[in-house]
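Chemist: Sequence:
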Amino acid sequence: MQRTTHRSLLLARPVVVALAAAVALTANSCAKSEDDASDGKKSPAAADAGQKVVTPKPGSKTCTIDAYGGEKIDLKGATVGFSQSEKEANPFRIAETQSIKDEAAKRGVKLLTANAQSQFSKQISDVQDLLAKGADLLVIAPLNSDGWDPVLQAAAAKKVPIVTIDRKINATACKDYVSFIASDFVEQGRRAADQMIEATGGKGEVAILLGSAGNNVTTERTKGFKERVAEKAPGLKVVFEQTGDFTREKGQQVTEQLIQSKPGIKGVYAENDEMGLGAVAALKGAGKKAGDIKIVTVDGTRNAVQGVVDGWISGVIESNPRFGPLAFQTLDTFTRGEEVPQDIVIQDSAYNGDNAERDLGKAY
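Residues in the sequence shown are numbered consecutively from 1, following our numbering.
The hints are simulated quantities; they were obtained by calculation from the structure and are not laboratory data.
Certain hints may be false.
[Stated by the list, open to error] No more than 25 Å apart at the CA atoms, straight line, and that leaves these computed lysine-lysine pairs for BS3-like: (1) K76 <-> K110; (2) K158 <-> K175; (3) K250 <-> K122; (4) K52 <-> K122.
Values in this document were obtained by computation on a predicted structure and should not be read as measured data.
Input sequences plus hints: build the corresponding full structure.
Modeler: Written out as C-alpha cells, the structure reads:
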C-alpha cells in the first residue's frame, strides 16, 4: 500500500520564476470522450483550465542535477520519451497525452511516445525501448506504483532524469526520479466526502467504487474520503467497496451488483469520472431517477460535468490532466542546473450544481 506523502513544497527563487511561467500556461487541447458531441471549439472558460501549483509551504525538499547525478543539457536539443499507462479511451488519458504532445511541439522538442494499453509489463518494456531509442529525459505516467526497479536501473545507468506525473512511483526522489507532479489525492478524497456529506445530509449508507489496485491514487483517494466522513459525518456509513478499475464498463457492472445487494444505498463515491458515468448508466438501467442515489466523482471530464448539469451527479472534484507545460518546464529548469521541487502539487477546482453549467468549458 502506498504511504501518504507530505506534498507541500518549498521553491527556491529560480524555481519560483521558472515554474510560475509554466503555471501561467494552459494546454492547447480540451480532449473529448468518444460520446462527446462537442464541436471541438474552446469556450472562453477553457482559457482558465491549465494547471496551477499549490502555494508552497516551508520545509519541502528540492532536487538538482548535481545531487541527482545527471548532466546539464539543452532541452531544445534533447529527446524526451513519454510513457502513457492506459488506453486512449479514457478522457483523462487523452487530454494528458495531448497536453504532452502540444507542449513538446510548442517548444520544438523531439518527443517519443509509447502507450502501455493498461498492461504494466508492457509499460516496463515501453520505457526500456524509449531509452534504447535515445531518450535523454523521461516523463512517465505510471500504471502502478511498484515494480519499477528495471526501469530505474536502466535510466540510472544512462543518467536519464525521470519526471513522473499523476501516479507516484515507490522509489526515492532525487535518486531514482527527479520530481513527481500530481494532485493531492488525499485532499481530493476529503473534498469528495464534503460533497457527499452535503448531498446526503450526512446520513445513510454509501458505497465506494475503488480505482485500480496497486497505485497511490486509489489508496489516497480512499483514505481522504474515509477520514473526512469519520470526522464530519459519523452517520454516513461506508458499507460497500469494490474496484471498478477506473473504467466505465466495470463501474457499471459493480453498480448493478450494488443496487441489488444494497437497495437502500444513498450515495456512490466513484474514484474517477468513468466509473461514475458507469454508475449513472446502471442507475438509469434500473429505472432510477436523477438524484435518487447521490454520485460524487473525481476527474472533471466533460461528460461527468454535464452529468452534474443534468442532475445525475451531485459533484465532481477536478483532477487536472494537462501536465505538458508544467512537466516540460520542470525538465527545463532541472537540466539547466537549477533546483526543482521533488513534489509538485496541483491546485484543483470542483464542479457542483452552482457552477457546472457555467464552467463546462473548463472540462476535458
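Chemist: The structure should be examined with respect to each hint, and the outcome stated for every one.
Modeler: Quick rundown of the hints versus the structure:
1. For a cut-off of 25 Å, the pair hint linking K76 to K110 stands: about 8 Å separates their Cα positions.
2. Proximity of K158 to K175 is assessed by CA-CA distance (about 13 Å); at most 25 Å being required, the pair is judged to hold.
3. Restraint check: the Cα-Cα separation between K250 and K122 comes to about 22 Å, which is no more than 25 Å; the hinted pair holds.
4. Note on K52 and K122: the hinted pairing is violated, with a Cα-Cα distance of about 32 Å set against a maximum of 25 Å.
In the structure shown, a violation is registered for the earlier hint numbered 4 alone.
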